[in-house]
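**Student:** The primary structure of each chain is shown beneath.
Protein chains: 2
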Amino acid sequence: MTRTPRSVVPRRRRTAEEARAAILDAAEAMLRDEGPAGVRLQDVARAVGVAHPTVLHHFGSREGLLDAVAERALATLRLGALSNLKSEPALDDVRVLLEAVAAQMDGGGRARTLLQLTLAGYGGGIEGLGLDPLVDSVHATRGRLWAARGRRKKPSREDTYFTTLLTTLALLSLSALKERSKKAAVSVPRFHAWLAALLHQHLQQGLER
Amino acid sequence: MTRTPRSVVPRRRRTAEEARAAILDAAEAMLRDEGPAGVRLQDVARAVGVAHPTVLHHFGSREGLLDAVAERALATLRLGALSNLKSEPALDDVRVLLEAVAAQMDGGGRARTLLQLTLAGYGGGIEGLGLDPLVDSVHATRGRLWAARGRRKKPSREDTYFTTLLTTLALLSLSALKERSKKAAVSVPRFHAWLAALLHQHLQQGLER
DNA sequence: AGCGCTACTGACAGAACTGTCAACAGCATC
DNA sequence: GATGCTGTTGACAGTTCTGTCAGTAGCGCT
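Taken in order, these protein sequences are the chains called A and B. When we follow numbering that gives the first Met the number 0, the leftmost residue of the first sequence carries the number 0, and every step to the right adds one. When we follow numbering that gives the first Met the number 0, the leftmost residue of the second sequence carries the number 0, and every step to the right adds one.
Hints in this document: simulated from the structure, not taken from any laboratory. Among these hints, one or two may not hold up.
Listed next, with one range per pair, are the computed distances between beta-carbon atoms [unchecked claim]:
#1 B/32 x A/151: 44 to 54 Å
#2 B/204 x A/144: 19 to 29 Å
#3 B/62 x A/39: 13 to 23 Å
From chain B, some residues computed to sit far from chain A (all C-beta separations above 12 Å) [claimed, not checked]:
#4 12
#5 79
#6 92
#7 135
#8 143
Derived list of chain B stretches under chain A, where covered just means 3 residues or more per stretch with a C-beta under 8 Å from a C-beta of chain A [what the hints assert, rightly or not]:
#9 33 to 40
#10 104 to 117
#11 157 to 163
#12 192 to 205
Beta carbons are placed, not taken as given, at the ideal position from N, Cα and C, and that holds for glycine.
Start from the sequences and build out the full structure, keeping to the hints where you can.
**Tutor:** What follows is the structure in structure tokens.
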């Protein structure tokens with residue numbers, strides 16, 4: 000068929016690290032689009048421009064490749080969540096923070112990747128999201144705000160945690176589901192704005208009982 | 000090998016409908032656990048106790064089988080959402096309704112199945128959830144409540160829709176993610192109770208601006 | 001230039017999977 | 001009991017995939 004004889008293409012020799020990274024990139028894209036069972040050594044190799052034994056050389060086996068993909072993807076997900084916290088968020092910036100989390104989910108199809116990995120049993124479930132630093136940051140800001148206003152009962156950390164969890168879970172599945180929706184049947188920006196308003200109100204006022 | 004020679008087992012002849020249903024059951028379980036690419040004709044056939052050409056006889060091809068699985072699964076998901084609406088929910092029953100939706104997600108791993116199908120590009124995205132009847136029901140009840148209390152601005156239908164969407168999305172991914180979590184690191188019942196309280200408050204009071 | 005390390009490759013083996021086909025065998029009907 | 005329909009099957013073909021292996025070749029180092 001249209002197969003280019005490899006002997007014509009001069010052999011490229013990368014450092015092991017470069018080669019591993021390039022292979023992981025290709026494999027991660029396939030995992031995101033088709034799930035773990037859709038990751039084929041030959042396809043990965045072709046995408047990178049190497050022969051499939053090269054992939055085995057670097058990762059030992061298909062299993063090893065999938066493990067490496069999962070490990071790297073989950074690590075960057077955690078790091079990404081942390082990167083949002085560089086500056087402590089003001090509660091008025093709820094919308095900004097929310098958009099940042101949403102962008103984090105969408106970027107590179109991370110929500111899809113995360114769901115694929117989780118469904119395949121790779122991630123650490125809810126804990127794997129690494130929410131704690133985010134929760135701590137929000138909760139600290141929240142506590143300061145309530146103290147400044149002289150309100151009595153501070154909201155519990157669990158309340159802040161659940162608020163963060165709710166937001167994350169919703170944005171996660173929204174990011175994964177929205178692509179398939181007929182165009183603009185749901186206005187994602189409007190939903191984001193609405194959710195930010197809801198969160199803003201709840202974070203400031205808490206649950207009345 | 001421990002392979003039982005099939006000739007010893009007397010051949011069972013089901014009606015076409017029964018056979019199709021049994022095959023779909025097995026295939027759906029595999030799709031839920033491993034995704035579409037993990038559905039193998041031979042495995043499906045073995046699970047049902049038939050030879051793999053039988054599966055092809057009933058569904059034409061592997062593609063045909065997957066399409067049928069998707070169609071049936073998505074249909075029951077929609078029907079299931081409707082079944083919660085037999086009696087119009089009182090807003091005080093938010094918790095009950097929420098638990099019903101959550102149970103709907105968990106039962107038979109429907110949340111997992113739905114996510115697998117959506118990630119594979121089968122479902123209709125957000126619209127495929129069939130939320131509209133649920134939203135209409137909740138919104139009608141809500142409007143009656145607000146009228147009875149003599150409040151001026153009724154909340155928009157979009158507000159009710161977003162509220163429902165938020166809940167559904169969160170419960171969906173929670174159901175899929177929670178299995179993997181180290182035991183009881185997140186208390187799902189507590190989260191459900193918290194979310195019900197939040198929803199109750201929002202549905203009754205709306206967003207202040 | 002020569003050498004060593006190792007990234008990289010083609011060819012092959014073995015297994016698994018989808019799909020085809022002719023034939024078998026329940027079961028209802030006559 | 002014979003017949004027809006069709007659910008069901010074993011055997012086979014063709015493709016594709018993972019993994020092995022011996023050998024090739026790029027690149028840094030002396």
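**Student:** Evaluate each hint against the coordinates.
**Tutor:** Verification of the hints:
1. B/32 x A/151: 44 to 54 Å: holds (50 Å)
2. B/204 x A/144: 19 to 29 Å: Hint holds: Cβ distance 21 Å, inside 19 to 29 Å.
3. B/62 x A/39: 13 to 23 Å: With a Cβ separation near 18 Å, residue 62 of chain B and residue 39 of chain A satisfy 13 to 23 Å, so the hint holds.
4. 12: holds (33 Å)
5. 79: With a cut-off of 12 Å, residue 79 of chain B remains clear of chain A, as the shortest Cβ separation is near 17 Å.
6. 92: holds (18 Å)
7. 135: At about 16 Å from chain A, residue 135 of chain B clears the 12 Å cut-off, so the statement holds.
8. 143: holds (22 Å)
9. 33 to 40: holds (count 5)
10. 104 to 117: This one holds; 4 residues, not fewer than the three required, reach chain A with a Cβ under 8 Å.
11. 157 to 163: With 3 residues closer than 8 Å to chain A, the region 157 to 163 of chain B meets the three-residue bar; holds.
12. 192 to 205: holds (count 6)
Comparing the model with each numbered hint stated earlier shows that all of them hold.
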